[in-house]
Each structure stands twice: as C-alpha cells, then as structure tokens.
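Enquirer: Sequences and hints are given; from them, build the entire structure.
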Amino acid sequence: MKQIITLATDFGIKDSYAGIMKGVILSINPDAKILDITHLVSHQNIFEGAIVISEAYKYFPKGTIHIGIVDPGVGSKRKPILIETDRYFFIGPDNGLFSLALKKERIKKAVHLTNKKYFLKDVSSTFHGRDIFAPVAAHLSLGKKPDSFGKPLNTRPQLIDMPEPIKKRGSIIGEVIYIDSFGNLIIIKRIRIKGISKTYVDGKKGLPIAVIGSSGNLEIACYADSASEILQIKQGEKVEVDIIQNLW
Amino acid sequence: MKQIITLATDFGIKDSYAGIMKGVILSINPDAKILDITHLVSHQNIFEGAIVISEAYKYFPKGTIHIGIVDPGVGSKRKPILIETDRYFFIGPDNGLFSLALKKERIKKAVHLTNKKYFLKDVSSTFHGRDIFAPVAAHLSLGKKPDSFGKPLNTRPQLIDMPEPIKKRGSIIGEVIYIDSFGNLIIIKRIRIKGISKTYVDGKKGLPIAVIGSSGNLEIACYADSASEILQIKQGEKVEVDIIQNLW
Amino acid sequence: MKQIITLATDFGIKDSYAGIMKGVILSINPDAKILDITHLVSHQNIFEGAIVISEAYKYFPKGTIHIGIVDPGVGSKRKPILIETDRYFFIGPDNGLFSLALKKERIKKAVHLTNKKYFLKDVSSTFHGRDIFAPVAAHLSLGKKPDSFGKPLNTRPQLIDMPEPIKKRGSIIGEVIYIDSFGNLIIIKRIRIKGISKTYVDGKKGLPIAVIGSSGNLEIACYADSASEILQIKQGEKVEVDIIQNLW
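Protein chains in written order, with this note's numbering: chain V, 1 to 248; chain F, 1 to 248; chain U, 1 to 248.
Relax, there's no trap hidden among the hints.
Listed below are the simulated DSS-like cross-link pairs for lysine-lysine, each with C-alpha atoms no more than 30 angstroms apart in a straight line:
(1) U:Lys62 - V:Lys117
(2) F:Lys58 - F:Lys104
(3) V:Lys14 - U:Lys238
(4) U:Lys121 - F:Lys104
(5) V:Lys77 - V:Lys104
(6) F:Lys103 - F:Lys167
(7) U:Lys2 - V:Lys117
(8) F:Lys79 - V:Lys205
(9) U:Lys58 - V:Lys2
(10) U:Lys198 - U:Lys167
(11) V:Lys238 - U:Lys205
(12) U:Lys58 - V:Lys14
(13) V:Lys2 - U:Lys2
(14) V:Lys121 - U:Lys62
(15) U:Lys62 - V:Lys2
(16) U:Lys2 - F:Lys144
(17) U:Lys116 - U:Lys145
(18) V:Lys79 - V:Lys14
(19) V:Lys62 - F:Lys116
(20) V:Lys14 - F:Lys205
(21) V:Lys14 - U:Lys198
(22) F:Lys204 - U:Lys14
(23) F:Lys117 - F:Lys79
(24) F:Lys58 - U:Lys79
(25) F:Lys58 - U:Lys2
(26) F:Lys14 - V:Lys79
(27) V:Lys58 - U:Lys2
(28) V:Lys58 - F:Lys144
(29) F:Lys167 - U:Lys121
Honestly, the hints are just simulated from the structure, not real lab data.
Expert: Quick look at the structure:
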C-alpha cells in the first residue's frame, strides 16, 4: 500500500539513523512513501519538535502516518504510543511531542505500543525509532488496525505548555517560540515596530518589521537580514512588541 | 500520475518549509515523485540558486517539473511564473532564478500565475512556495495545461548576468562563481598553476591545481583539501589564473 | 521496476551533486526508489563512510542496490566496482568503502566496471557518481545482469582495517571509531565508568556512562549532553575504559 509516512526527528543528517529507519519501513512495506519533515530538531528539544510537527502535519493527505522522535527518555519508562485522530496517525514517545498538533485534532484512539510481534526482534534501549516506531508505522501502513499494536493508553497523552502571547493596548508581550533558519523570530524583548507589514519586502535592510507569518503567528523579520542577529534575541526570550500604528 | 517534481530552495533543512511543500503536493497528487536538488542555497542568493538549478535540471527526465524558490521579493510585485520549454517546466518567482537554465532551453510558453483556483485558499504574503508554487506544480503534474494557471507573461523572464571569463594569452581572468562543499573554486585572484590537470589526484596536498570540472567550468582544487581555505578566496572574488604550460 | 537504490556519499547537501545523481538514475529507470543514507560523510574519509554503510545497509530489503561514494582517488587508477552478495548489490570505488559491510556478507560476484555502454556518454574525471555509478545502478535496477557491466575483478576488493577493542580484566582498550551527531562516542582515553548502563537516561547530566549502543558497539554517552565535548575526545583517539563493576 502506498501509504505516506513522514519523519520528524532530532537525529541529524550526518549519521545513518534516519536512513536505517527508512530501510526498516521498506523491508516491511516496500511501497510506503517516506518523507522527511526534518531531522534537525535541536537535540532533545521536545518543545521545538512539537512546533515543527504542529506546523507541518496538517498539509499532508488524510491518512498520513506521522512519526515524531525527540526522545530524551528512550529506554526509560516513557511510553511508546500511537495516536489516531480523525485525519492522521501519530507514532512516537509519549512526552508531549505531539501535543501542539493534537490540540487541533480530535483523538479517536490512543494506544500504548506493547505488542512485540510488531517490533524488531531485539529491541535496543537506545534506538526505538528503528526497533519500535518504524516497524509499527510500516505495519500500520499495510492496513493493520491500531488496536493490534498494544493496549489502550490509560492516561491522556502528555502535554507541554505553549506560552500564549498577551495583548494589551497597542502592545503584544510574547515569547520567542522559534527562530527559523532565515533568522525570523516567531513571537518575542521590547521592540517598537511601526504597524504590521504585509510582506518582508516592506522592511528596510536592518530595520525590524512585524509580519503575520505563514503559520498565522506574529513574526519579527528583517528584510534580507537575520532579525535574530540584529536584535540579539534568542529562542525562549520574553519580548514586548509595541505596534505603534496599530492595525489589529 | 507519477510525474517528477524537483525542489531547489534556500529554505534550509531545519525548518519544516520544504516538508510542508511536499505535503501540499501530495495532497493534490499522491503519486507525484518529489526530489530535492538542494534546500541550502545561501539565503536569498538568487545568483547561487541559478547556478545550482542550471547544473542539475538537465539530468532529469523529459517532462520533469522544476520548482525553484530563492525569493527575497516574496509578497511584492515580482511575478510568480511557470515556464515551459521543449523538455521541462520551471515554476517559481520571476527574478532571474531560472535564467541560466533557460539560456540552454527553448522557451515554448511563459505564464504569469494568476489563477487563484489552483492556489491554496488563503495565499500568505510570505510563503508562496506552499501557497502558489507547490499547488500549481501538483496540478500541472496531474495533466493540467500551462495556460490554465494564468495569463501569458507580457515581458521576457527576468535575467541575471553571469560573469564570463576572459582568456588572454596563457591566462584566464574570471570570477569565483561558486564554491562547492569540498572547497573547490568554480572560476577565480591571480594564481599560477601548471597546466590543466585531468584529475584531482594529480595534485599534491596543499598545492592548487586547475581542472575542468564535471560541469565543464574551470575549477581550482586542492587534492584532499579545501582550495577555498588554502587560497583564502571567497565567492565573487575576481581572480587571474596563469596556466603556465598552456594545454588549451 | 521499483528497485530500491540507496546513496551514501561525502557530497554534502548544499551542492547539487546528489540531486544530479538522482536525475541520472530516474532518466534511466523512472520507477527506481532512491533513498539517502547520508551525504555528510566527512570529506574523503573512507573509514567513516565504511562505518556508516556497514551500519545501515542491512536494514534494507533484499535486492537493494547500495551506492557508496567517498572517492579521493576519482579519475585515478582505482577501479569502479560492483559487488553482488547473497542479499545486496554494492556500487562505488574499490577503496575499502564497502569492506566493513562485506565482512558480514558472502560475495557472489565482483565486477570491474569497464563497459562504457552503461556509462554516461562523456565520462568526466571528477564525477564518477554521475557518469558511472548512477547509470550502472539504474541499469542494474532494470534487471541487467552484473556481468554485463564489465569483467570479473581480478583482485579481492580493497580492505580497510578496523581497530578491534582489546578486553583485559575489567577494562576495555579501544579507539573512538565514530562520534555521532549527539556527541556519543562509539568505542574509546582512559575513563572509569561504573558498569554498563541499559539506557542513556541512567546517567546523570555531565557524567559519562557506558552503553551497548543500537549497533552492538560500546558507546560512551552523557545523558542530555555531548560526551565528545565533556570528555574532550576526538574521533580516532585511543581510550581505555574501566568498567569498575564489570557486568560483562
């Protein structure tokens, strides 16, 4: 079956970890269509992984199986899980990695992966991506029912908190939740910005502007430059944005 | 339809931008075969993107759809375009990104993408890759005619200038147009080099040699080392190469 | 034919080299399924490439064609080869790149690639990946017999030496053969470590632990940290590990 399986991990792309997972999947379902969301989530940064997954998952066709692995607790008691929603499947560790995506989905079924029949023969304590998540995703892509893979999860899937921006008068106080590779800050020290711009091009080189980004969040950007470097702001910093000529 | 769609962008590979585009394409045409040329064009460096695309596009099968996105003008007045040549399709911003490739192709049709029917519902002003280029490519891969996507482009596609090397006597004056990840300089300060070598191995470690590279351009390389670091030369620098024992 | 072809190279992912190879393959066999193991083997580090390939190849389905390219000798007298084993095909330079994998496989056939009929028309002296290895792999994936591509290799495939760890009393003396992107050292200066841990999580932040990694090698890791940085150990360093409370 030509099911789509996506991968979002912190494995990096130098090592063969992601390639090994693809080999395991194709050994079980040679017709699976495997796509990388990213393998460059900052190592063991569950929050960042949750953001990346919540941005991307919803653009894939109904029925897509999303594997997410940012798993500092691998081999410990954290549970390997499979979540089925109305439109998608999510497979990975139960540590909040899917929680931002799940906020927007209706959960139909949550399974604790315990059925070793669908794991690789010798499950290591360090690489569940290869030994559990990849084979489970592959068997699921062949039509196996979610129930086959274990027992119902007896708790709610783990959640992580997402800092919400506070609006007061013409000002927004938020936290930089993500800095993309262009250096655009995705919500944000105290900065005065003139209105909300429509495009990046509206800015002069080196002057920060505010844009509603493609994911619907407030973004501070510098045209043809890195806002992160120019404003000296790091991920997680609290920032107040004054929109002087308020357009909201 | 199993059409091939390639992606060459400056999106980087940490963020989910490229993955999102793939999701959009597969939601429209689940059978599309999507291949990455690169997502690591230097941010907003149209010239570099044009080189990468012109090197790679021609090795793909006839009918391949090439999406190119290095788009500092996204959301401004620059036009989104679709170019059909005898053998390929090119989709992206009209800013010269395809001009080096188009020099070698015969243009059959140039379309200004204006038909919102084939865009995502809400077109952002910051991510046309997701909202315009990916869906247009996907519909094209399903057999839609180029004309369906808009109106004829009423100007010639934008061009960028490519610095041409000047040969005089035993010397070549050129500009470093590209430095690959091995540190090989692709055309080039004043360096004296003995003849044109046939292979990289002809060089001694640390001594620069000249090679006609796999793309037919002059390359300055250092065997098992980075010519860029050893000669302290950056992209765009003007360089004179003396081929002492001229073989040309 | 939907044959799987994998790529493991030191090409990097900024340049279009890997993308070009994929174009060449698909121009010959549009149905080939191409998967990246990695393109980030350290430039011209055959040893590292051999490790990566030997870790990953065996997880792919029987019949998979593995292309490996870390090729400092490209264009010199080193031979381009095709090795058929009971389960797989390996295509690349005869420089030891496949030797760690071949130790675990039974070689059925070793072919020196000399038949230009299956190469690209003009074979460059710098890019055999595009001109020889990609087209040979593509024709092989269409069902051509290994014999078609050249003559029997008249020597044994090149080998590289793999440093073996020495166990003496409660101590293991080894060499760091690989450092993964998490900074985990894969066999290893003199370090005292208390027993063999089962999971990474068993460690306290900043304290090294020993784990039998997912590939069966001894790994020194630091929970939620880089052992490579904390212990200041580089790849290739000789290291003695004292397992104090010996569990082996």
